[in-house]
Amino acid sequence: MLPAVRQLLRDAQAATGRLYTLTSEPGVHALRVDLAQPLSQPDPLWTVTPGTLRAELIGWAHQAGYQVIWHAPTDYLLTAHAVIPGTFVEAASILVRSLDRAGSSVRITVYRKNRVLVVAGGT
2 MLPAVRQLLR DAQAATGRLY TLTSEPGVHA LRVDLAQPLS QPDPLWTVTP GTLRAELIGW
62 AHQAGYQVIW HAPTDYLLTA HAVIPGTFVE AASILVRSLD RAGSSVRITV YRKNRVLVVA
122 GGT
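Counting the sequence shown from 1 gives a position; the numbering used here is that position plus 1.
Each hint should be verified, as a subset may be incorrect.
Estimated spans, in silico, between C-beta atoms of each pair [as the list claims (entries may be wrong)]:
1. Arg11 <-> Ala56: 17 to 23 Å
2. Thr80 <-> Lys114: 31 to 37 Å
3. Thr80 <-> Val111: 47 to 53 Å
4. Pro86 <-> Gly66: 25 to 31 Å
5. Arg11 <-> Leu78: 46 to 52 Å
6. Ser106 <-> Arg11: 44 to 50 Å
7. Val117 <-> Thr53: 50 to 56 Å
If you are wondering where the hints come from, they were derived from the structure by calculation, not from laboratory data. Quantities reported herein were computed from a predicted structural model and do not represent experimental measurements. Note that CB positions come from ideal geometry on N, CA and C, so glycine has one too.
With the sequences and hints as input, model every part of the structure.
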(Lines of atoms letter the chains of each structure in order from A and count residues from 1; the text may use other names and numbers.)
(Lines give C-alpha, C1' and ligand atoms only; values in the text may rest on other atoms or scores of the structure.)
Protein backbone atom coordinates (compact mmCIF):
# COMPACT_ATOMS: atom_id res chain seq x y z
CA MET A 1 0.00 0.00 0.00
CA LEU A 2 1.30 3.45 -0.84
CA PRO A 3 2.38 5.51 2.19
CA ALA A 4 0.08 8.37 1.14
CA VAL A 5 -2.92 6.02 1.03
CA ARG A 6 -1.98 4.51 4.38
CA GLN A 7 -1.78 8.02 5.89
CA LEU A 8 -5.13 8.93 4.34
CA LEU A 9 -6.75 5.93 6.03
CA ARG A 10 -5.16 6.82 9.38
CA ASP A 11 -6.39 10.42 9.06
CA ALA A 12 -9.91 9.25 8.19
CA GLN A 13 -9.90 6.89 11.17
CA ALA A 14 -8.73 9.64 13.52
CA ALA A 15 -11.32 12.10 12.22
CA THR A 16 -14.31 9.77 12.29
CA GLY A 17 -13.50 7.21 14.97
CA ARG A 18 -14.19 4.45 12.45
CA LEU A 19 -11.93 1.65 11.31
CA TYR A 20 -11.28 1.52 7.57
CA THR A 21 -9.91 -1.38 5.54
CA LEU A 22 -8.59 -1.13 2.02
CA THR A 23 -8.80 -3.77 -0.68
CA SER A 24 -7.78 -3.82 -4.31
CA GLU A 25 -7.60 -6.39 -7.05
CA PRO A 26 -4.51 -7.07 -9.17
CA GLY A 27 -4.60 -5.06 -12.37
CA VAL A 28 -7.44 -2.84 -11.16
CA HIS A 29 -6.61 0.79 -10.52
CA ALA A 30 -9.62 1.51 -8.31
CA LEU A 31 -9.64 0.98 -4.58
CA ARG A 32 -12.54 -0.02 -2.39
CA VAL A 33 -12.67 1.31 1.15
CA ASP A 34 -14.86 -0.63 3.56
CA LEU A 35 -16.30 1.17 6.53
CA ALA A 36 -16.25 -0.93 9.67
CA GLN A 37 -18.07 -0.28 12.94
CA PRO A 38 -17.13 2.84 14.90
CA LEU A 39 -14.24 2.34 17.31
CA SER A 40 -16.09 4.41 19.90
CA GLN A 41 -19.22 6.47 20.06
CA PRO A 42 -18.74 10.22 20.35
CA ASP A 43 -19.98 11.87 23.52
CA PRO A 44 -23.56 13.08 23.24
CA LEU A 45 -24.23 16.81 23.42
CA TRP A 46 -26.73 18.15 25.96
CA THR A 47 -28.32 21.49 25.12
CA VAL A 48 -29.21 23.95 27.86
CA THR A 49 -32.06 26.29 26.95
CA PRO A 50 -33.54 29.14 28.98
CA GLY A 51 -36.06 27.75 31.44
CA THR A 52 -35.76 25.92 34.74
CA LEU A 53 -33.17 23.47 35.99
CA ARG A 54 -35.90 21.01 36.89
CA ALA A 55 -37.41 21.01 33.38
CA GLU A 56 -33.96 20.72 31.77
CA LEU A 57 -32.86 17.79 33.93
CA ILE A 58 -36.17 15.98 33.46
CA GLY A 59 -35.89 16.39 29.68
CA TRP A 60 -32.31 15.15 29.62
CA ALA A 61 -33.15 12.27 31.96
CA HIS A 62 -35.95 11.16 29.66
CA GLN A 63 -33.50 11.06 26.73
CA ALA A 64 -30.98 9.07 28.79
CA GLY A 65 -33.47 6.65 30.32
CA TYR A 66 -33.15 8.11 33.82
CA GLN A 67 -35.73 9.31 36.34
CA VAL A 68 -35.38 12.58 38.27
CA ILE A 69 -36.53 12.79 41.88
CA TRP A 70 -36.76 16.44 42.95
CA HIS A 71 -36.21 17.10 46.67
CA ALA A 72 -34.85 20.64 46.35
CA PRO A 73 -37.04 23.30 47.99
CA THR A 74 -36.79 25.58 44.98
CA ASP A 75 -36.14 25.51 41.26
CA TYR A 76 -33.47 27.50 39.44
CA LEU A 77 -33.83 29.73 36.42
CA LEU A 78 -31.50 29.02 33.50
CA THR A 79 -31.10 32.18 31.43
CA ALA A 80 -28.49 31.26 28.83
CA HIS A 81 -28.02 28.72 26.07
CA ALA A 82 -25.15 26.24 26.39
CA VAL A 83 -24.02 22.90 25.00
CA ILE A 84 -22.40 20.38 27.34
CA PRO A 85 -20.65 17.27 25.98
CA GLY A 86 -20.50 14.00 27.89
CA THR A 87 -22.81 11.44 29.36
CA PHE A 88 -26.08 12.48 30.96
CA VAL A 89 -24.54 12.21 34.43
CA GLU A 90 -21.46 14.22 33.42
CA ALA A 91 -23.56 16.94 31.81
CA ALA A 92 -25.96 17.14 34.77
CA SER A 93 -22.98 17.42 37.15
CA ILE A 94 -21.42 20.20 35.08
CA LEU A 95 -24.71 22.11 34.95
CA VAL A 96 -25.26 21.82 38.71
CA ARG A 97 -21.64 22.85 39.44
CA SER A 98 -22.17 25.96 37.32
CA LEU A 99 -25.14 26.87 39.55
CA ASP A 100 -22.98 26.19 42.62
CA ARG A 101 -20.48 28.77 41.37
CA ALA A 102 -23.40 31.19 41.08
CA GLY A 103 -24.24 30.71 44.76
CA SER A 104 -26.77 27.88 44.89
CA SER A 105 -26.29 24.85 47.09
CA VAL A 106 -28.22 22.39 44.95
CA ARG A 107 -26.71 18.88 44.85
CA ILE A 108 -27.34 15.77 42.83
CA THR A 109 -26.94 12.14 43.78
CA VAL A 110 -26.87 9.54 41.03
CA TYR A 111 -27.95 5.92 41.42
CA ARG A 112 -26.60 4.47 38.19
CA LYS A 113 -27.93 0.93 38.61
CA ASN A 114 -31.45 2.24 39.17
CA ARG A 115 -30.99 5.05 36.63
CA VAL A 116 -32.17 7.67 39.11
CA LEU A 117 -30.89 11.21 39.68
CA VAL A 118 -31.94 12.85 42.96
CA VAL A 119 -31.81 16.64 43.23
CA ALA A 120 -31.61 18.03 46.77
CA GLY A 121 -30.37 20.98 48.78
CA GLY A 122 -30.67 24.46 47.43
CA THR A 123 -31.18 27.89 48.83
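Now for the hints, and whether the structure bears them out:
{"no.": "1", "hint": "Arg11 <-> Ala56: 17 to 23 Å", "verdict": "44 Å, violated"}
{"no.": "2", "hint": "Thr80 <-> Lys114: 31 to 37 Å", "verdict": "34 Å, holds"}
{"no.": "3", "hint": "Thr80 <-> Val111: 47 to 53 Å", "verdict": "25 Å, violated"}
{"no.": "4", "hint": "Pro86 <-> Gly66: 25 to 31 Å", "verdict": "19 Å, violated"}
{"no.": "5", "hint": "Arg11 <-> Leu78: 46 to 52 Å", "verdict": "47 Å, holds"}
{"no.": "6", "hint": "Ser106 <-> Arg11: 44 to 50 Å", "verdict": "49 Å, holds"}
{"no.": "7", "hint": "Val117 <-> Thr53: 50 to 56 Å", "verdict": "20 Å, violated"}
Hints 1, 3, 4, 7, counting from the list given before, are not met by this structure.
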